[in-house]
Amino acid sequence: MILDRIPIDAIGVQERVDRICSRSIKKESKLQALDLALRMMDLTTLEGSDSAGKVRQLCNKAMHPYTELPNIPSVAAVCVYPNRVKLAKEILKDSEINVASVATAFPSGMSSLEIKLDDVRYAVEEGADEIDMVISRGAFLSGDYALVYDEIAQIKEACAHAHLKVILETGELGSLEHVRMASDLAMEAGADFIKTSTGKIQPAATMPVVLVMLQAIRDFHHKTGKTIGMKPAGGIRTSKQAIQYLVMVKEILGERWLTPDLFRFGASSLANDVLMQWVKEKTGRYQSLNYFSND
Amino acid sequence: MPIHWEYAHAPESTDHVQYEKQYGLFIDGAFTHYDPSKSFDSLNPATRELLYQCTQADEKDVDAAVKAARKAYEEHWGSGKGSTRGKYLYRIARMLQERAREFAVLESLDGGKPIRESRDIDIPLAAAYFFYYAGWADKLAYAFPAKKVTPLGVCGQIIPWNFPLLMLAWKIAPALACGNTVVLKPAETTSLTALKFCELLQDIGLPNGVVNLITGPGQTGEYLVNHDGIDKIAFTGSTGVGKKIQQSIAGRNIKSTLELGGKGAYIIFEDASLNEAVEGIVNAIFFNQGHVCCAGSRLLVQEGVADRVIELLKQRMATLIVGDPLDKNTDVGAINSQNQLNTIQRYVDIGLEEGAECFQCEGNIPSSGFYFRPTLLTKVSQSSTVVQEEIFGPVLTVQTFRTTQEAIDKANNTPYGLANGIWTDKGSKIFHVGSQLRSGVVWSNTYNKFDPTSPFGGYKESGKGREGGVQGLAPYVHLESNVEAEI
Amino acid sequence: MSKEQELLIIPKTYKNYVGGAFPRTESGRYYKLNSLDGKHLANVCLSTRKDIRNAVQVARKAQASWQNRTAYNQGQIIYRIAEILSGRRHQFEAELESLGYSKEVAQMELESAIDLIVYFAGWTDKVQQVFGAVNPVASHHFNFSRQEAVGVVGMLAPEAPALLGALAMLLPNMVAGNSSIIIASEKLALPLCTFAEVLETSDVPAGVVNILTGKKEELVGHFVSHMDVDALIADPTLSFELRKELEVGSTSNLKRLHFWATGCTVDEIHSTGKSVIENMAKSAKDPYRILDVQEVKTTWHPISE
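Residue numbers (this note's numbering), protein chains in the order written: chain A, 59 to 353; chain B, 247 to 733; chain C, 119 to 423.
In case anyone wonders, no lab produced these hints; they're calculated from the structure.
A portion of the hints provided could be inaccurate.
Covered stretches of chain B (chain C as the covering partner; in silico rule of three or more C-beta atoms under 8 angstroms from a C-beta of chain C) [stated by the list, open to error]:
#1 366 to 380
#2 485 to 495
#3 672 to 680
Here are some chain B residues pointing at chain A (derived, C-beta under 10 angstroms) [to be verified]:
#4 Y253
#5 V528
#6 E557
#7 A564
Cut-off 25 angstroms, straight-line C-alpha distance, at most; resulting in silico cross-link-like pairs (SDA-like, lysine to any residue) [claimed, not checked]:
#8 B:K313 x B:Q465
#9 A:K85 x B:P612
#10 A:K85 x B:R365
#11 B:K333 x C:N397
#12 A:K85 x B:K385
#13 B:K695 x C:T188
#14 B:K327 x B:V395
#15 A:K340 x B:K574
#16 B:K656 x C:E423
#17 C:K400 x B:S329
#18 B:K327 x C:I202
#19 C:K400 x B:G328
#20 B:K385 x C:P405
#21 A:K338 x B:K574
#22 A:K88 x B:A254
#23 A:K84 x A:Y124
#24 A:K298 x B:I676
#25 A:K84 x B:A256
#26 C:K415 x B:I676
#27 B:K560 x B:A496
C-beta atoms are modelled at their ideal positions from N, C-alpha and C, and glycine is treated no differently.
Based on the sequences and whatever the hints tell you, model everything.
The structure is reproduced here in structure tokens:
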């Protein structure tokens with residue numbers, strides 16, 4: 059399978075990123091962005107040590123991020139391992155919050171396709187609304203694009219009604235041009251969302267990588283009319299970063315993509331920073347973490 | 247459900263910034279009194295409001311300034327130690343860094359360029375030029391091997407309104423480094439940062455007369471050019487005025503450097519990184535409102551990718567914010583003056599008359615000042631007026647080409663020769679096309695990049711001489727053969 | 119309590135400067151440094167091969183990112199060193215006087231040291247222009263030669279001048295993009311140790327300059343045998359034996375070895391200090407020393423359609 063190589067100049071990309079980061083988002087536009095950021099969050103816990111109690115805590119935070127102020131929206135989804143999906147689904151049953159599950163031998167993807175498909179089916183049966191899969195990076199880097207494509211297509215099928223996010227693990231891909239190629243590949247093969255990282259290695263989401271992926275989505279839409287979503291994950295800890303990403307989405311894709319249906323943040327500690335910024339905007343006072351729950 | 251998300255105004259604070267309402271001239275280390283009998287107004291182009299008033303230097307004033315410069319030159323500056331000159335220049339650089347924000351705000355208030363540009367580019371780069379040339383002051387022997395290097399004397403310098411403080415730095419830094427003294431005339435519409443700069447010179451203790459400032463309109467410049475006490479004239483501005491200056495100095499044994507107009511070609515090959523190439527266009531012609539002599543104002547795009555490039559460009563243009571220069575989110579600020587605004591409009595009208603099609607950004611632009619929307623003119627040809635002549639505004643003409651040779655020929659087919667840009671993924675093509683382009687600057691896969699170490703200047707009617715780099719020293723020295731060195 | 123006891127000063131402990139920190143020598147050993155008239159001034163670290171080993175490690179880690187900073191940034195940092203030293207010059211002059219310098223020579227040395235730093239700060243963004251080249255090869259190729267850092271450089275500062283002699287070695291190396299390990303003068307070690315504080319407060323990245331004190335005879339062998347040191351600089355006033363050891367030993371990994379005349383003996387600085395400083399100040403302003411500790415890299419690329 060031959061993939062088009064789009065030439066990308068990394069210095070030029072960085073310059074566009076710098077311009078985007080120089081946007082100054084204040085007052086009403088900042089509050090609007092913070093609201094959006096919360097509604098776009100996938101609160102995540104993906105540790106070997108995730109007990110039932112840990113998952114319960116996360117779901118509670120998802121439903122009630124901060125009770126001191128009215129009109130704080132709830133997040134878009136929680137993201138857990140497949141064997142915690144059922145519990146999460148139960149706790150969140152009366153809310154609008156989705157349950158996303160990682161699958162396909164997350165995070166490495168180093169297993170047979172059969173096992174990975176079973177992993178997906180298990181998560182779907184347990185009630186997952188969304189599946190976050192990983193691509194086979196080794197195959198990609200050795201040029202076996204056909205294999206990577208087939209895997210995604212079959213996993214998409216196994217997802218049934220659940221929507222599929224394809225994690226490219228951009229930190230392992232080595233160059234922006236590879237990121238672009240992997241993005242195009244994933245979308246051709248049926249991804250509903252393309253996602254940067256598992257969050258288990260460094261670097262995770264970076265602004266140049268996200269820019270390239272948003273451009274890929276824009277061009278794919280131009281070619282096919284399909285609207286694919288995007289999720290940066292890992293390393294997004296501050297509201298400032300989240301808002302910069304929102305500026306990027308607005309200026310590359312347009313306001314149509316500024317919705318949790320098409321853009322998510324994969325984050326855990328981001329929520330409290332967004333809440334602190336929110337309260338600061340409302341009260342004028344810088345906040346302390348002591349006043350925000352740290353589940 | 248999609249939302250509408252607009253950026254709120256993010257005004258840069260101005261309450262820490264100080265400037266006078268009325269200014270005199272700066273001669274022999276001191277400000278003269280503002281003279282209401284020969285004053286001129288300077289407006290804020292974003293609001294059309296009066297910002298401050300200046301004194302017009304007349305022939306007597308110019309004479310006083312040149313005499314002060316001559317005195318400083320003869321008494322110590324021209325013969326003193328290079329390391330001392332270097333230390334003064336380092337002080338200037340450092341203090342510009344310390345006062346950077348104030349200078350940036352004043353630059354935007356006075357000239358109309360967005361605060362983000364003055365803050366992130368103009369002011370830091372001005373400081374960098376002083377820093378670079380400070381280091382040359384005691385190393386001139388390395389710049390001119392086997393030559394005995396001496397300064398020229400008194401330099402008259404005339405600068406434009408598009409990068410006021412930066413152009414001042416480009417002129418003053420190398421002149422002083424080489425041991426010359428200076429009489430500088432800023433542009434009539436942008437004197438403020440130059441005047442503040444003279445206050446800075448007082449604060450760092452630069453000896454009297456080394457730098458003198460005469461404000462005024464074109465006439466003041468003429469007095470300076472015609473003064474017999476200058477050894478050199480350095481001018482940045484239009485080709486028309488440049489030619490007049492050349493005529494005025496003919497036969498008078500005065501050296502000159504001229505940085506004049508341009509009509510740069512921006513060449514996009516089909517194998518270019520298209521997204522970055524489109525971003526580069528924004529750099530090349532829309533930032534600084536297109537008031538850039540080396541602007542890439544003629545897009546030459548290979549036919550196979552032309553439609554896609556235009557589409558991407560229009561999408562990018564839709565995200566450009568035209569507005570108040572002091573808003574941190576503004577991408578395209580105010581046009582410098584009513585005159586310039588009229589000129590730009592006139593050219594676009596001519597373009598339409600000659601059959602061009604016009605695309606402009608939609609969205610709000612302020613009505614309070616001089617503003618012009620970023621504009622694309624398609625359906626033009628090599629002979630169109632808008633393709634031949636420099637517009638000096640945010641207007642890009644669009645032409646296609648098919649072969650590399652065609653691109654080169656079209657790019658060179660102009661009396662100008664300041665800068666061109668090449669976008670391609672192929673290294674050998676960069677070197678090949680670059681070596682064929684007749685311009686003093688070739689930008690490959692980038693545009694409008696400046697650095698004090700990088701020489702800048704034009705071929706043909708874009709001027710002569712270079713500013714920046716080692717080559718930027720040559721216009722400010724006299725070279726004699728060094729008999730000992732020639733073994 | 120006597121006035122002296124009430125105004126008891128807090129004497130400084132002199133330590134090495136490695137990786138942006140101030141560790142003692144790993145060996146815990148010291149030697150006494152006295153003034154000319156025998157007054158005890160300080161206990162100075164008697165460094166060992168392990169200190170050299172540690173310093174080389176951090177120097178290697180720091181070198182690539184120092185080299186990759188823009189020339190402008192490097193110049194700014196070096197100029198900052200001059201600013202900070204200038205502000206603290208009186209402290210350094212006093213330190214030199216305590217070591218037996220006359221007031222006049224001490225002032226001259228500080229003036230020259232500051233000047234020398236400013237001089238080299240101005241070279242960072244000019245070396246490529248003056249000494250690099252685009253080469254007109256006789257084929258359709260774009261060919262250019264760049265000056266690049268040699269890497270990690272070890273230095274043996276001369277016994278005197280206490281500060282200027284060391285700076286004349288350090289500065290060209292900083293401009294060249296190298297990271298440095300310098301062994302201070304044995305008898306006049308103090309000002310270079312204090313200079314470490316100036317470096318630390320001047321935004322010089324950790325590990326780019328490392329300063330060790332000790333006896334040259336003990337340390338030279340470890341320097342020359344270390345396979346991760348790329349070049350060595352010494353002053354010709356070194357003893358013949360040490361010079362021979364340097365020349366023979368540096369062949370282990372083909373270290374570039376250079377003798378730069380940046381110093382004199384302790385006796386000379388106390389007897390004819392004025393003229394020594396005057397001459398040193400001039401001869402130290404030599405950009406060709408930068409080339410000594412750089413490599414030339416030449417790159418080709420076709421020019422074609």
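Next item on the list: List, from low to high, the hint numbers that the structure doesn't satisfy.
Entry: Those not satisfied are hints 2, 12, 24 and 27.
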